[in-house]
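Asks: The opening residue of the first sequence carries number 113 in my numbering; numbering runs sequentially from there.
Keep in mind the hints are simulated off the structure, nothing from the lab.
Note that CB positions come from ideal geometry on N, CA and C, so glycine has one too.
Please note: incorrect hints may appear among the correct ones.
Here are the simulated DSS-like cross-link-like pairs (lysine-lysine), alpha carbons at most 25 Å apart as the crow flies [what the hints assert, rightly or not]:
1. K343 <-> K365
2. K410 <-> K343
3. K410 <-> K365
4. K410 <-> K472
5. K208 <-> K146
Each pair of labels, with its calculated beta carbon distance range [unchecked claim]:
6. R190 <-> T602: 18 to 28 Å
7. E586 <-> D503: 28 to 38 Å
8. V517 <-> R383: 17 to 27 Å
9. A448 <-> R383: 37 to 47 Å
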Amino acid sequence: MEHTVWVRTVVVPHPADGHDRRGASVVDVDPSGKPLGPIREYPDTTAAVARLEAESGPRWVWTSTATVYPELLRAGVRVRRCHDLSTTGAILAVRKGLPPPDTDEPVDERPGLFDAAPAIDVETVLARFAAQRRAITGDARLELLTAAESAGTLAAAEMSFDGLPFSAQAHRRLLEDTLGPRPLGHELPSRIAEVVEEISAAFGRAVNPASHTEVLEAFRREGIAVESTRKHVLERIDHPAVPLLLRHRDLSKLFSTNGWHWLDSWVHDDRFRPVYVPGAVVSGRWASRGGGALQIPKALRSSVVAEPGRSFVVADAGQLEPRILAAISGDRRMVAAAGTDDLYAPIAATSFGGDRAKAKVAVLGVLYGATSGDARALLTILRRSFPTAVDFVERAARAGERGEVVHSWLGRACPPAPDGFHSHGDTHARGRFTRNFVVQATAAEWALCLLAELRRRLISDPEAGELVFFQHDEVVVHTGNPELASSHITGAVEVATRLMFGDTQVRFPMDTAVRTVYAEDSGDE
DNA sequence: AGACAGGGCGCC
DNA sequence: AAAGGGCGCCCTGTCT
Numbered sequence: 113m114e115h116t117v118w119v120r121t122v123v124v125p126h127p128a129d130g131h132d133r134r135g136a137s138v139v140d141v142d143p144s145g146k147p148l149g150p151i152r153e154y155p156d157t158t159a160a161v162a163r164l165e166a167e168s169g170p171r172w173v174w175t176s177t178a179t180v181y182p183e184l185l186r187a188g189v190r191v192r193r194c195h196d197l198s199t200t201g202a203i204l205a206v207r208k209g210l211p212p213p214d215t216d217e218p219v220d221e222r223p224g225l226f227d228a229a230p231a232i233d234v235e236t237v238l239a240r241f242a243a244q245r246r247a248i249t250g251d252a253r254l255e256l257l258t259a260a261e262s263a264g265t266l267a268a269a270e271m272s273f274d275g276l277p278f279s280a281q282a283h284r285r286l287l288e289d290t291l292g293p294r295p296l297g298h299e300l301p302s303r304i305a306e307v308v309e310e311i312s313a314a315f316g317r318a319v320n321p322a323s324h325t326e327v328l329e330a331f332r333r334e335g336i337a338v339e340s341t342r343k344h345v346l347e348r349i350d351h352p353a354v355p356l357l358l359r360h361r362d363l364s365k366l367f368s369t370n371g372w373h374w375l376d377s378w379v380h381d382d383r384f385r386p387v388y389v390p391g392a393v394v395s396g397r398w399a400s401r402g403g404g405a406l407q408i409p410k411a412l413r414s415s416v417v418a419e420p421g422r423s424f425v426v427a428d429a430g431q432l433e434p435r436i437l438a439a440i441s442g443d444r445r446m447v448a449a450a451g452t453d454d455l456y457a458p459i460a461a462t463s464f465g466g467d468r469a470k471a472k473v474a475v476l477g478v479l480y481g482a483t484s485g486d487a488r489a490l491l492t493i494l495r496r497s498f499p500t501a502v503d504f505v506e507r508a509a510r511a512g513e514r515g516e517v518v519h520s521w522l523g524r525a526c527p528p529a530p531d532g533f534h535s536h537g538d539t540h541a542r543g544r545f546t547r548n549f550v551v552q553a554t555a556a557e558w559a560l561c562l563l564a565e566l567r568r569r570l571i572s573d574p575e576a577g578e579l580v581f582f583q584h585d586e587v588v589v590h591t592g593n594p595e596l597a598s599s600h601i602t603g604a605v606e607v608a609t610r611l612m613f614g615d616t617q618v619r620f621p622m623d624t625a626v627r628t629v630y631a632e633d634s635g636d637e
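I would like the entire structure built from these sequences, with the hints used as guidance.
Replies: Okay, structure coming up:
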């Protein structure tokens, strides 16, 4: 999280020419991006980075971690710090009101179609870095945001490379128990085929349960008017096909999304290796491409099994977004509530006669912009005792409705409203988006600072284990020493909170569990 | 045949 | 238990 004392070293790998090794141009720069010496040429990028990392451990400046770091990891080379021009550039571009760049592939990494010349030269990289430094320097929050974002790109690449320990055997057992034996070719698993038969029998005719129109049509023939096939709509219908349709949906989801084909594609050597895309969500949250890493269904988590002699420390930040709202709004009573382990309890006591469920609905309504009568009424009650917190998000909502841009705590801008927004757009939807953005984006920043600090600690204390999973407000460390890993998580929470909010009263308690299997044994929340 | 939109679900 | 924000992914159905 430090951003000033290390030397920055720009590294520009030469274009790959089909050989195993490619060279690189390397030059040290000062914090403004001015070269401190000549440009050096190295014949082997990974060897050069490995040596310089061991010697001085600079902050590496490169076009994008996603394109440079994987080949270093494959060669067994890891770095501690970087400045990722791609994700930093995206943050700065959106702050200038430009639409977020396509994050699939950095534009400057795309090789020209016909020329064999370097896709990008050192001068261009130096100029780009200098321009970014000019935009960042002097803004401590933006320094923190971009440093954390870059650290996140390293963590993402490392987690994709290392993978999440996963028992293919346990997963196959789950699939066979639930779906039947693996089908051949394009056949349906036996359990799904049976349910399809039963559904057709219940309707007295062949019905494809995956087709909304066929299902709606089938109900209509039975004299049942139904507007959609959503679960909660179907559940209100008294018909023998309903439980079969819902069962079919569950089985199909498992088969098509996390079935044998998913296992073949994403799990090798008992590691699930998803592709994380840091900062791909407008709020700064990560996305994943393929494998559905950030939507691992609960049912599948019993297949996430630690290696023998090791375990997972699973830690998620409880009630993160309401606590973030307390911190950024500075609402005195909300901050006091967020200083306790269960922030809903004091809010319930203050505003809802001790009814915790009502307090929770009211707070979530504030965060998301409740529209229903019930939740709005609760929101009005909440406002009496917590006016500063409620006003904070309502101001963001009104700014959005006017077509304005809002910012997170560290200065991440939301994308501009689309052209013609006032004439065609749903101003209330935009208001709900900007209202939620200021909280969700700040929560993502807090989590990113936590991740960066935790990563830093785990690198300097290898006994403590490795990061293997990160999902919005949750980290998983795979470790042979869970007590040590837990203590680093606690320390990282404190550092992240201080970096973001200084000496705040708001607490960010982590629900922490040590397990050999990722799945929860029990419980809610 | 391939792109795209919308319904639906499940994750935070 | 609601209902709001953000995603990814699967399916069908329709368009080119």
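Asks: Hints first: check each against the structure and report whether it holds.
Replies: Verification of the hints:
Between the alpha carbons of K343 and K365 the distance comes to roughly 14 Å, so the proposed pair stays at or under 25 Å and holds. Among the hinted pairs, K410 with K343 is consistent with the structure: their alpha-carbon atoms are about 18 Å apart, no more than 25 Å. Simply put, K410 and K365 have alpha-carbon atoms about 13 Å apart, close enough for the 25 Å limit, and the pair holds. Only pairs whose Cα atoms come within 25 Å are accepted, and K410 paired with K472 is accepted, the gap being roughly 23 Å.
Restraint check for K208 and K146: satisfied, since their Cα atoms lie roughly 24 Å apart, inside the 25 Å limit. Checked against the hint of 18 to 28 Å, the pair R190 and T602 passes, with Cβ atoms roughly 24 Å apart. About 30 Å separates the C-beta atoms of E586 and D503, a value consistent with the hinted range of 28 to 38 Å. Checked against the hint of 17 to 27 Å, the pair V517 and R383 fails, with Cβ atoms roughly 41 Å apart.
For the pair A448 and R383, the beta carbons lie near 45 Å from each other, so the given range of 37 to 47 Å is met.
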